[in-house]
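Visitor: What follows is the residue order along each chain.
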Amino acid sequence: MDAGLLAQFVANGLMLGMMYALVAVGFTLFFGVLDVIKFSHGDVLTVGTFAGFSTFLGLKAIGVANPWVQVAAVMLIACGAMAILGALIARYLVMPLKGAPALNVLLITLMLGTVLRESVRLFFPDGANPKPFPKLLPTDALALGSFTLRLDSAILFVAGLAVIVAIHLLINRTKLGLAIRAVAQDEETAKIMGINFTLIVLATFALGSAVAAFAGVMNGLYYNEINFGMGLLLGVIGFSAAIIGGLGNIYGAILGGFLFAALQTVGAVALPFASAYKDVFAFAVVIVLMTIWPTGLIAEKTSERV
Amino acid sequence: MNLIRTTLAALAAAAVMTGVAPGAAEAAKQKVKVVFIGPLTGGVSVNGLGGRNSADLAVKLRNADPKAKYEYEMVVLDDECKPNIGVQVATKAASDKAIIVGVTHYCSVVAISTVDTYNKFELPVVVWGAVLPEITYGHTYKEINRINGTMIDQNAVNAKFSVGQGFKKFAVIHDTTDYGKGHNKYFSENLVKNGGQILGTFGVTADQQDFNAELTKIKSLNAEALYFGGLTPIGVRVRSQMDKLGIKAHFIGTSGIMSDAFIEGLGPLAEGALAFREGAPVDKLPGGKFFTEKYTAAKYGEAPEAYGPFAFAAMTLVLDTIEKVGPDRKKVRDELRKTKDRDSIVGPITFDDHGQNTVAAITKYVVQDKKWVVWEDSEYASGKRKLAN
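Chains A and B supply the protein sequences, listed in that same order.
When you line the first sequence up against the working numbering, it's residues 1 to 306, in that order.
When you line the second sequence up against the working numbering, it's residues 1 to 389, in that order.
Just so you know, the hints here were simulated from the structure itself, not pulled from any lab data.
Glycine included, C-beta positions come from ideal geometry on N, C-alpha and C.
You may find that some hints are simply not true.
With the Cβ distance kept under 10 Å, some of the chain A side facing chain B (calculated, not the full set) [said to hold, decoys possible]:
id	residue
1	4
2	141
3	146
4	168
5	169
6	234
7	268
8	277
Using 30 Å as the maximum straight-line C-alpha spacing, the simulated BS3-like pairs for lysine-lysine come out as follows [stated by the list, open to error]:
id	chain 1	residue 1	chain 2	residue 2
9	A	60	B	168
10	A	131	B	299
11	B	168	B	371
12	A	135	B	142
13	B	69	B	82
14	B	67	B	338
15	B	371	A	131
16	A	131	B	181
17	A	135	B	386
18	B	284	B	371
19	B	67	B	284
20	B	169	B	371
21	A	60	B	299
22	B	33	B	248
23	A	135	B	371
24	B	244	A	131
25	B	248	A	131
26	B	248	B	371
27	B	244	B	169
28	B	340	B	330
29	B	364	A	131
Just chain A, with the same shape it has in the complex:
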């Protein structure tokens, strides 16, 4: 295998990993503050992407043609709307069940996910069909031998990286981040210290959902196609990534996302049997990893098993 080809595989895997990581971060944030698994996360991503798509259609209708303005507006509205949706889900579905067994939250969000997904299918005009997502980023390509780097992919990757760095700074350098960490570590003590618990939980859910919407729009811009079921598999993979990384640890989730993408790429490329088994391979390795490190690669200091 020549270097160009290897670079191509790495580039593909990195893009995929970035999307998985962004979804996984949401799962891990929610688990961190409330010890819950929110299974509607993938479908929030879908709704966010469709919100972004609707924004684009709206802008086109009123005659805004500058692609940069369009990208900015699509991202802003998708992330903003999902932040609100995420906070609403937390306030009215997850928090009322705080004292109940964790299984209840898992089930209720699983059902909410189905409601969101089917709503997109039924109520978005012609929602059952895949929609061509517009190419809003420059599509220039740089070809180095057998390696083709597209400018739009590079921009998306850098933007994803920026989001991860921003989350890192937010968690570690701001008062809000400190409060999130405090709540994650010990809810009671955090409350005693005067932290507004409800507000922090809502903020965390808003943050996680906005990041999911970002990942969704990124997915749309990268593949130029969206459909109502796109969040389903992304949700499952994001969740697995969060688990192998160590649920509750943001860096673990990011690591898990990239690891899963790497496994899929290896599964499709390096294994002698048909690429149809790449998901089987990736999930099988995840199972093995989980038996070896039940609490994930980077475990929380006080770990809880799932």
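For chain A, the structure is supplied; the task is to place chain B on it using the hints.
Guide: Then chain B, alone, in the frame of chain A:
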């Protein structure tokens, strides 16, 4: 009997026209239910909706015909192109004794999984779009007939034609359902027979989003053409991701990508894509103009798509059969199987002993200026344009 009905109908009509209250309720025709099943939601729903509209058109035309003995009601069910849903709706239709006959399925995976259901509940059906050979040849059920051809013939023509165009080294991407696997099998066999070569075969799941890993590998194989055995949604994804990776291989598909949705989803990228479908193109048949005119006049929201004419012909055929033998499942089943040289808008229909319509002609299509154009009429065939490679 017929005469009395006609007379009564005429009297009723006269009564209405002269302003007399129509008291001739006994003139109402007996209602007969038929079922249409296809994918009305999901990725291939464009084809399902086109088929539904076409079948609906056949029923409407029949109901408008004063000579028809019965009044038909078409029950429409959605199989979502999923085998489990398909079996559910097939059971629902077949267990409703008021339903006499069905025009069923676009997706091969669904059609093959429902044959046992139709046989068990003795509901005669005519398949209108699925191309897997086993749907008719995999069993000896008398209930199952098919109006469109199988994938064997189209792949034989495809392989021979492609090699003739200078594409010898192929990479193959197919979905791992029976449908995609069948296409892969028949195409690969025929390609080798014609002196071509398969450099690599990649099975992908039917809802896969990312094909970069497979395509990067294909790029390294330096294939001259990529054969895609699958349906429109992933066909669109594969083609657009090929472009992003700068793969120059020519895109050659099956009847599964022959839809306007393929062209809409890809825009200019669709140009030059090849596909193959059994039967002559509708606008070249004597009845084709009739169909297109009526379809346009009915103002449906969706285009009939590639298999709409087959759905129309299938529905017309089953209604003819009911007219002839009456609304009785067993009689309809036996009569359908006897269909021979019956004129239809897709050409003469003859069912063999497996209920398979013996259509020999395969038509080659190429995308030219955002339209599926018959190869022989295209600027590619005349040499004005060249298939890029």
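Visitor: Now look at each hint and say whether the structure bears it out.
Guide: Here is what the structure says about each hint:
1. 4: Holds, about 9 Å.
2. 141: For residue 141/A, the interface hint holds, since the closest Cβ of chain B sits about 6 Å away, which is under 10 Å.
3. 146: Holds, because the Cβ-Cβ distance from residue 146/A to chain B comes to roughly 6 Å (cut-off 10 Å).
4. 168: Interface hint status for residue 168/A: violated (26 Å vs cutoff 10 Å).
5. 169: 30 Å, violated
6. 234: Given a least distance of 8 Å, the restraint on residue 234/A holds.
7. 268: 4 Å, holds
8. 277: 8 Å, holds
9. 60/A - 168/B: Violated, because 44 Å separates the two Cα atoms, which is more than 30 Å.
10. 131/A - 299/B: Status holds; Cα separation ~24 Å.
11. 168/B - 371/B: 26 Å, holds
12. 135/A - 142/B: Cα-Cα ~51 Å, so violated.
13. 69/B - 82/B: 36 Å, violated
14. 67/B - 338/B: 23 Å, holds
15. 371/B - 131/A: 19 Å, holds
16. 131/A - 181/B: 27 Å, holds
17. 135/A - 386/B: 27 Å, holds
18. 284/B - 371/B: Within the cut-off at roughly 16 Å; holds.
19. 67/B - 284/B: 29 Å, holds
20. 169/B - 371/B: 27 Å, holds
21. 60/A - 299/B: 28 Å, holds
22. 33/B - 248/B: Not satisfied, since the Cα-Cα distance of roughly 51 Å exceeds 30 Å.
23. 135/A - 371/B: 22 Å, holds
24. 244/B - 131/A: Distance ~18 Å between residue 244/B and residue 131/A Cα, so the pair holds.
25. 248/B - 131/A: 25 Å, holds
26. 248/B - 371/B: 21 Å, holds
27. 244/B - 169/B: 21 Å, holds
28. 340/B - 330/B: Holds - the C-alpha atoms of residue 330/B and residue 340/B are around 18 Å apart, at most 30 Å.
29. 364/B - 131/A: Holds - the C-alpha atoms of residue 131/A and residue 364/B are around 28 Å apart, at most 30 Å.
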